[in-house]
Amino acid sequence: MILYRENGKVKKISHLDDNQIIEAVIDEKGLNGLLRRHLSECPACRAQKEMLQARLARFGEISRGKIPLGYRKPKLIEINAGEMAKAWTIHPALAICAALAVLALFLTPIVINRDNLFTKSVVYREMLQDEKFMAEVRSLEENPLPSFSVDISGPGSNGPNIASPGHSAKNDVSPALKHGSRNA
Amino acid sequence: MNLTEDLELKVPPTGAQLSTLVEKAREGDRDAFEKLMALHQDEIFRLVFFRTRSRIDSEDLTQDIFMSAFKYLPQLKDSDRFRPWLYRIALNRVNDFHRKNNFLAYLGITESREDADVADIEPHLDPDALDTVIRKEFWLHVRQLAKRFSRMEKEVFFLRFVDDLNLREIAQTLHKSESAVKTHLYRAIRKFKEDTTLSDFIQGEWQGEKDKPS
Numbered sequence: 002m003i004l005y006r007e008n009g010k011v012k013k014i015s016h017l018d019d020n021q022i023i024e025a026v027i028d029e030k031g032l033n034g035l036l037r038r039h040l041s042e043c044p045a046c047r048a049q050k051e052m053l054q055a056r057l058a059r060f061g062e063i064s065r066g067k068i069p070l071g072y073r074k075p076k077l078i079e080i081n082a083g084e085m086a087k088a089w090t091i092h093p094a095l096a097i098c099a100a101l102a103v104l105a106l107f108l109t110p111i112v113i114n115r116d117n118l119f120t121k122s123v124v125y126r127e128m129l130q131d132e133k134f135m136a137e138v139r140s141l142e143e144n145p146l147p148s149f150s151v152d153i154s155g156p157g158s159n160g161p162n163i164a165s166p167g168h169s170a171k172n173d174v175s176p177a178l179k180h181g182s183r184n185a
Numbered sequence: 033m034n035l036t037e038d039l040e041l042k043v044p045p046t047g048a049q050l051s052t053l054v055e056k057a058r059e060g061d062r063d064a065f066e067k068l069m070a071l072h073q074d075e076i077f078r079l080v081f082f083r084t085r086s087r088i089d090s091e092d093l094t095q096d097i098f099m100s101a102f103k104y105l106p107q108l109k110d111s112d113r114f115r116p117w118l119y120r121i122a123l124n125r126v127n128d129f130h131r132k133n134n135f136l137a138y139l140g141i142t143e144s145r146e147d148a149d150v151a152d153i154e155p156h157l158d159p160d161a162l163d164t165v166i167r168k169e170f171w172l173h174v175r176q177l178a179k180r181f182s183r184m185e186k187e188v189f190f191l192r193f194v195d196d197l198n199l200r201e202i203a204q205t206l207h208k209s210e211s212a213v214k215t216h217l218y219r220a221i222r223k224f225k226e227d228t229t230l231s232d233f234i235q236g237e238w239q240g241e242k243d244k245p246s
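Note that the protein sequences, when read in sequence, are chains A and B. For the first sequence, our numbering assigns the number 2 to the initial residue and increments by one for each residue that follows. For the second sequence, our numbering assigns the number 33 to the initial residue and increments by one for each residue that follows.
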């Protein structure tokens, strides 16, 4: 008969129950001192514990026995210990520094000024192009014909120079009209 | 007798000798790592095979496990914990393998491994038809037992009784406290005890072994 205390209650048993046998199989030292002493003295409890232990051990043996033996052995392929890990591991502090550096580069006044300068230069270039274009337009307004056409439509030719709207009215009037108006 | 001679003579190394080997391997000594590999390859292959039941996959996974171990060995802080650390890598690889297989099976790319229990066991290794039947029956019982276990109960039970790890090593492998390991183990053993068909099978195998003429 064993009298022992569990969760504040006194228990009276004659042998270890199933749960206590399992506990003994897992870790005998973890059992209550009185139970442990009983287990060492009681042949019936001891036999129960050993039977369960043997069944579990047998299960392990059978499992291990069902594994094929002649398998392909692993080989160490040519890398050095820690080589891959070192190559692919970035220290967090280094990563943060890199991120901050990139951010600082974008926010720095130099970058902003460079950006402004870049914008101004583009505007100036565009203004120059506009001026050049306007100069071309003005020259075309003054003299729209190519040089050989100007030679053909010289002051001695007949008819109004319709291709030259920029010419004065005096030049546009033909000699016949001039003559008629004189007669009138 | 020095460490190298001991290992060549297949004398199981002591804890201190193992720690020395791990230290050397951590510093990039390939010979030391190869010795560690030779010492642990059988148990790692067994762990993988028991959980995948495929010889080819187990061979590939074992290779992969040792390559990972060599790669990340400098990160192991305590050389005394090499074995649980190696088992942790192995279990992670096996879990990844199952996850990938389940996903591929879900997509219909591969077949589910549920029924592959004995398919990969070559007949030439098992010329006796009776042995094949016994083997098949055993895996069937193991699978039924595993179905009754929770994930943690399964891990703890197999690590304790198939892979032969002690409570402290299991706790270190699974990153759990020893008391948590004991609780899971307690539940698993209860379920094992209740499984009468497996008990009968073990008893039968036991009797068969005893009755075999020596």
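Take these hints with a grain of salt, some might be off.
[As the list claims (entries may be wrong)] Result set (BS3-like, lysine-lysine): computed pairs, CA atoms no more than 30 Å apart in a straight line: (1) A:K74 x B:K186; (2) B:K208 x B:K132; (3) A:K50 x B:K186.
No lab work stands behind these hints, which were simulated from the structure alone. Computed from a predicted model, the values in this text were never measured in an experiment.
| Between K208 (chain B) and K132 (chain B), is the straight-line Cα distance small enough, at 30 Å or below? | holds, 25 Å
| said: K50 (chain A) and K186 (chain B) were given as a pair; does the straight-line alpha-carbon distance stay at or below 30 Å? | reply: Distance ~22 Å between K50 (chain A) and K186 (chain B) Cα, so the pair holds.
| said: Given the hinted pair K74 (chain A) and K186 (chain B), is their Cα-Cα distance within 30 Å? | reply: holds, 27 Å
Checked against the numbered hints above, the structure breaks none of them.
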